[in-house]
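Starting from the known structure of chain A, arrange chains B and C on it as the hints suggest.
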Amino acid sequence: MSKPVVKLLLTLSLLCIIPSFLFALTGEEVIQKMDEMATFETSVSTGSIKTTDRFGTKISTFKAWARGASDSLIEFTSTAERGQKILRTQSSLYLFYPDAEELIRLQGAALRQSVLGSDLSYEDMTEEKNTLDSYTVVLEGSEIVNGHDCHVLTLTAKKRTVAYPVQKIWVDKQTYLVWKAEYSTAQKRLLKVMEVLSTVEVAGRTLPSETKIEDKMKRDSATWMTLDSLEVNVPLGANIFSLENLTW
Amino acid sequence: MKFILELAAKNLLRYKRRTIITSIAIAMGLMMYIFVDSLLMGANLESMRNLKWYETASLRVHKESYWEERMFLPLESSIGDPEAVLDLLAKKGIAATERTVFTADMILYQDDFGEDGNMTVQVTAINPETDFSVYRFKDTLLEGRFLQKGEMDGVVLGSWFAEDIGAKVGYWVTFVTRGKGGFYEAFDMQIVGIVNCPNPNVNRTLVMMDKDAADLYLGMEGAVTSIDILLPEKSNLASVSKTLQADLASIDPQLRVFTWEDLAHDYLALLQAKQGGTGLILFLVFIIAAVGVSNTMLMAMFERMREIGMMRAMGMKDRDILFSFLFEAGGIGLVGSLVGVLLGVLANLYLVNVGFDFGFMFRDMDIGFRIQNVMRGAWSIATIAKAFFSGIGLSMLVAIFPIRRALKLDIPTCLHHQ
Amino acid sequence: MTIKLPAVAFRNIFRNFRRSMLSAIAIAVSAMAIMALLALLEAMESDMATNLVSYYTGEVRIRHESFEQYERYNPLHLSLDMDEVLPLVEKQEGVRAATERINFPANLYLNGKNNAALGVGVDFASEEAFIDFPSLVKEGRLPTEGSNEMLIGALLARDLHLNLGDKVTVLTSTALRGSNAMTFQIVGIASFPVGGLNAKVLYVPLDRAQYLLRMEGQVQEILLLTEDGYKERDVAASVKELLQTELSLQTETKAWKDLNAMYSLLSIAKFIYYVMGAIFFLLGSTVIINTTMMVIYERMREIGTLGALGMQGKELTRLFLLEGSFISIIGSTLGTIAGLIIVFILSKVGLNFTEAMSGVDMEISSILYPQVNFFIALFVWVYAIIIASLSTLIPSRRASKIQIVEALRYV
Numbered sequence: 001m002s003k004p005v006v007k008l009l010l011t012l013s014l015l016c017i018i019p020s021f022l023f024a025l026t027g028e029e030v031i032q033k034m035d036e037m038a039t040f041e042t043s044v045s046t047g048s049i050k051t052t053d054r055f056g057t058k059i060s061t062f063k064a065w066a067r068g069a070s071d072s073l074i075e076f077t078s079t080a081e082r083g084q085k086i087l088r089t090q091s092s093l094y095l096f097y098p099d100a101e102e103l104i105r106l107q108g109a110a111l112r113q114s115v116l117g118s119d120l121s122y123e124d125m126t127e128e129k130n131t132l133d134s135y136t137v138v139l140e141g142s143e144i145v146n147g148h149d150c151h152v153l154t155l156t157a158k159k160r161t162v163a164y165p166v167q168k169i170w171v172d173k174q175t176y177l178v179w180k181a182e183y184s185t186a187q188k189r190l191l192k193v194m195e196v197l198s199t200v201e202v203a204g205r206t207l208p209s210e211t212k213i214e215d216k217m218k219r220d221s222a223t224w225m226t227l228d229s230l231e232v233n234v235p236l237g238a239n240i241f242s243l244e245n246l247t248w
Numbered sequence: 001m002k003f004i005l006e007l008a009a010k011n012l013l014r015y016k017r018r019t020i021i022t023s024i025a026i027a028m029g030l031m032m033y034i035f036v037d038s039l040l041m042g043a044n045l046e047s048m049r050n051l052k053w054y055e056t057a058s059l060r061v062h063k064e065s066y067w068e069e070r071m072f073l074p075l076e077s078s079i080g081d082p083e084a085v086l087d088l089l090a091k092k093g094i095a096a097t098e099r100t101v102f103t104a105d106m107i108l109y110q111d112d113f114g115e116d117g118n119m120t121v122q123v124t125a126i127n128p129e130t131d132f133s134v135y136r137f138k139d140t141l142l143e144g145r146f147l148q149k150g151e152m153d154g155v156v157l158g159s160w161f162a163e164d165i166g167a168k169v170g171y172w173v174t175f176v177t178r179g180k181g182g183f184y185e186a187f188d189m190q191i192v193g194i195v196n197c198p199n200p201n202v203n204r205t206l207v208m209m210d211k212d213a214a215d216l217y218l219g220m221e222g223a224v225t226s227i228d229i230l231l232p233e234k235s236n237l238a239s240v241s242k243t244l245q246a247d248l249a250s251i252d253p254q255l256r257v258f259t260w261e262d263l264a265h266d267y268l269a270l271l272q273a274k275q276g277g278t279g280l281i282l283f284l285v286f287i288i289a290a291v292g293v294s295n296t297m298l299m300a301m302f303e304r305m306r307e308i309g310m311m312r313a314m315g316m317k318d319r320d321i322l323f324s325f326l327f328e329a330g331g332i333g334l335v336g337s338l339v340g341v342l343l344g345v346l347a348n349l350y351l352v353n354v355g356f357d358f359g360f361m362f363r364d365m366d367i368g369f370r371i372q373n374v375m376r377g378a379w380s381i382a383t384i385a386k387a388f389f390s391g392i393g394l395s396m397l398v399a400i401f402p403i404r405r406a407l408k409l410d411i412p413t414c415l416h417h418q
Numbered sequence: 001m002t003i004k005l006p007a008v009a010f011r012n013i014f015r016n017f018r019r020s021m022l023s024a025i026a027i028a029v030s031a032m033a034i035m036a037l038l039a040l041l042e043a044m045e046s047d048m049a050t051n052l053v054s055y056y057t058g059e060v061r062i063r064h065e066s067f068e069q070y071e072r073y074n075p076l077h078l079s080l081d082m083d084e085v086l087p088l089v090e091k092q093e094g095v096r097a098a099t100e101r102i103n104f105p106a107n108l109y110l111n112g113k114n115n116a117a118l119g120v121g122v123d124f125a126s127e128e129a130f131i132d133f134p135s136l137v138k139e140g141r142l143p144t145e146g147s148n149e150m151l152i153g154a155l156l157a158r159d160l161h162l163n164l165g166d167k168v169t170v171l172t173s174t175a176l177r178g179s180n181a182m183t184f185q186i187v188g189i190a191s192f193p194v195g196g197l198n199a200k201v202l203y204v205p206l207d208r209a210q211y212l213l214r215m216e217g218q219v220q221e222i223l224l225l226t227e228d229g230y231k232e233r234d235v236a237a238s239v240k241e242l243l244q245t246e247l248s249l250q251t252e253t254k255a256w257k258d259l260n261a262m263y264s265l266l267s268i269a270k271f272i273y274y275v276m277g278a279i280f281f282l283l284g285s286t287v288i289i290n291t292t293m294m295v296i297y298e299r300m301r302e303i304g305t306l307g308a309l310g311m312q313g314k315e316l317t318r319l320f321l322l323e324g325s326f327i328s329i330i331g332s333t334l335g336t337i338a339g340l341i342i343v344f345i346l347s348k349v350g351l352n353f354t355e356a357m358s359g360v361d362m363e364i365s366s367i368l369y370p371q372v373n374f375f376i377a378l379f380v381w382v383y384a385i386i387i388a389s390l391s392t393l394i395p396s397r398r399a400s401k402i403q404i405v406e407a408l409r410y411v
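Residue numbers (our numbering), protein chains in the order written: chain A, 1 to 248; chain B, 1 to 418; chain C, 1 to 411.
Don't read these hints as lab results, they were simulated from the structure. Hints are not guaranteed to be accurate.
Subject to a maximum C-alpha distance of 20 Å in a straight line, what follows is the list of computed EDC-like cross-link-like pairs (lysine to aspartate or glutamate) [unchecked claim]:
hint	chain 1	residue 1	chain 2	residue 2
1	C	K200	B	E261
2	B	K138	B	E233
3	C	K113	A	E102
Remember, it's a predicted structure, so these values are computed and weren't measured experimentally.
The following block holds chain A by itself, in its conformation from the complex (with noise of 0.2 Å):
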């Protein structure tokens, strides 16, 4: 190799590694990417939620659907709730029941009531991937967690329409996938644990599979989160999320 040519390339990945020393990645940037990473076109998923209580377990299991940041639809596929779905749009959220003939609007303080006596509110449930909106980030440092480089940040709420004043989160530094998340109020009192226990890969990203959260002020009490099966940015009815949808 000529003397020309290897300066050459020194050159060139001398400026390819330049900026990755001049620019590191700052919290907002891997909220961004998490949030991309999180949210798709489409998505239909089947899952279950386990509960642990004072009263012992149980299962759910559900089918959801979702699109962009905002729409979701969750219908329960288990016994005792089947048929019961679950539609968030941009601005509100309904509940239906097979069994009634209206459909009941969830708003203000009937959002945070728990879905299925989980350790998870409606809210939870649907709440919006744009986490910056919310949160104001800043990036701590890095951590190992399950044998992941992670970074870890801290996201403080901007405005008090969010639940969870303050939120460490574990980010995988290669596949942005939120490993560990603790939900504290503004005094850090710790309030719930999200940890993802293993994860699956659609469509070249890392996304969460088993999920566990835990009720850190009530003992005993925990629900784990489960996809059966994932697909992403399929094709999914225009009216999917729709009120007269939601009846049939």
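Okay, now just chains B and C, sitting in the frame of chain A:
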């Protein structure tokens, strides 16, 4: 006329025993009537007071949207500028205090309670400096102390509630709640006091903390969910609330004044209900008392046939005889009524201030919780006045019958009367 | 002097008939009012007991062993297997009737708002012995098994502006700790004799409640009525043991008197009634005593005359005692009979408090039917006689000791 009055007075003294017995009949009847009425009214008043003194106050100001969503206690629909409202009320000389009510998950720990647990509670945040001017929790302290202004980590519980969950003064609990807007907040609180509130509904659920602490934790920024107003007992709620409503419009057109009747419309029916049975019982008391008075009086008068005959024989005018006897009967009625009202007032004094304690009935019974166990009376000037005048009136009315009868008979028959 | 005192006493009654009449009337009215009051109080008390038993607890209530401990969490899953428990307890000695229920908090979703109510799933057929539904329905009919129909309290319907035929969606938590909602049609509006229920309760067929709450074949509680002659506590104990041995099922099986909150309610009511009763006896007694004493004192001259004629003090006392007794027997008998008649009429017609009682939580019916109670009648009868007779003693004994001359001077 003077002669007739003197005669009546003399007769009253001459037949001391008769006067005494008849007076006793009247006095007892009156006393019992006052007593029963007081007891029954006391029960009514008690529940009304319990409601107003510990739950609803006389009037309450809420945001209109709060009232519509009141089931969820929405902090978002709170009164933004309570100071303006309080100033307005202070200028009018009306006692008022601000409160913030919110729901929270109360977490209990094994260390103190022996078992971990949690429950949804309704927390009332009060201003310890002004709350006592509207609500009456001051006299209800059972253990520990009351809240202090600006106290960040003290709560006061109702005694039944405390008993129910096994809470003692000094125990720590944690509240997890959502602040104004919906953010999560959690804070540790120590139980500093336990109150025994006579309103069972409140005693079973009460959790109280300082308003400034709640303001900070919930991000209220000075807003409160209600301003509670106490009016003097006899005020006209409707008119006061109407003028207040008009005044409040200048502060915030969204504010609404609610009377305690609006706030507790279920209870109101309860009060009316008791009146049904009350009326019946009072009627029965009245019947016995009236029969007692009239019988004794009738007898006293019939026994005087001979005397009437004598007076007629001596040429006294029928009208004068009638009046002299009527005044005598009125005199007996007056004595009886005075004694009766006096006794009634004395008995009532005890009934209102001390009351019947029926706690002894439950002492050996395992009922799991304490019961509001003192039955108290209530003052009613109207009842006392009614009793007083009907005592005199009834005596005189009843006397007319035998006297007129005597006046119709011929004199010898009267004189022969046994 | 040997005269037949009873005969003289008897004659004396008629010698001054008016006086005797007045005295007798006083006694009679007192006796009658006391009778009426006691019957009223007894009716209120027994009515309260009946309502507690019919609407809340039965005479014996069977629940899952730990239901009470976790009651605040609404643990519907701590339930009983209906097909297992019911046939067994129904056959148990001393059990007259049994029914099963599920109480659940129900949110009525109307115009986008939630309204709190209390739902009860009942088996309308077996409820017959407990709640007499057909007679309570004011409008419409009872819900039929298997269809989404509800019977709603009249006040609740009024408060929420609901009418017959309206459809209401009921939102609730299930036994599986999920949520569920179901739309029911209002087919009946009922006026419950218990105001507290009227304003908050809705009854749906048990099978629909089980479906709504995901409690297939399960019930929250089984209520029993006991056969006459059996003690509730004994039946409760034997049923509890039966379930334990036959099904090895631990239950909380208690007689209603041992269900504290309910019974203490009743105890308070009883106490208030006792106070009322005591006041009435006191007042009645003073009226009787006053009248009787009056009668004697007015006859001082007569006493003097009798004394002058040589009648002994003791005989005098006995004479007046006898006379007083005769009058009181007449008065008391008349009063008791009048009281009985009043109570009898009321027991047929009923005392209607309907308008007044709406929304009452004291669990007293709106229409009371005081019952004729011969024990009370006898008691009041004897009481009036004794009080009246005794109260003649004081003045007549005094009179017998008085100087003859002084007694004669008495006007």
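Going through the earlier hints one by one, which of them does the structure break, listed in rising order?
none
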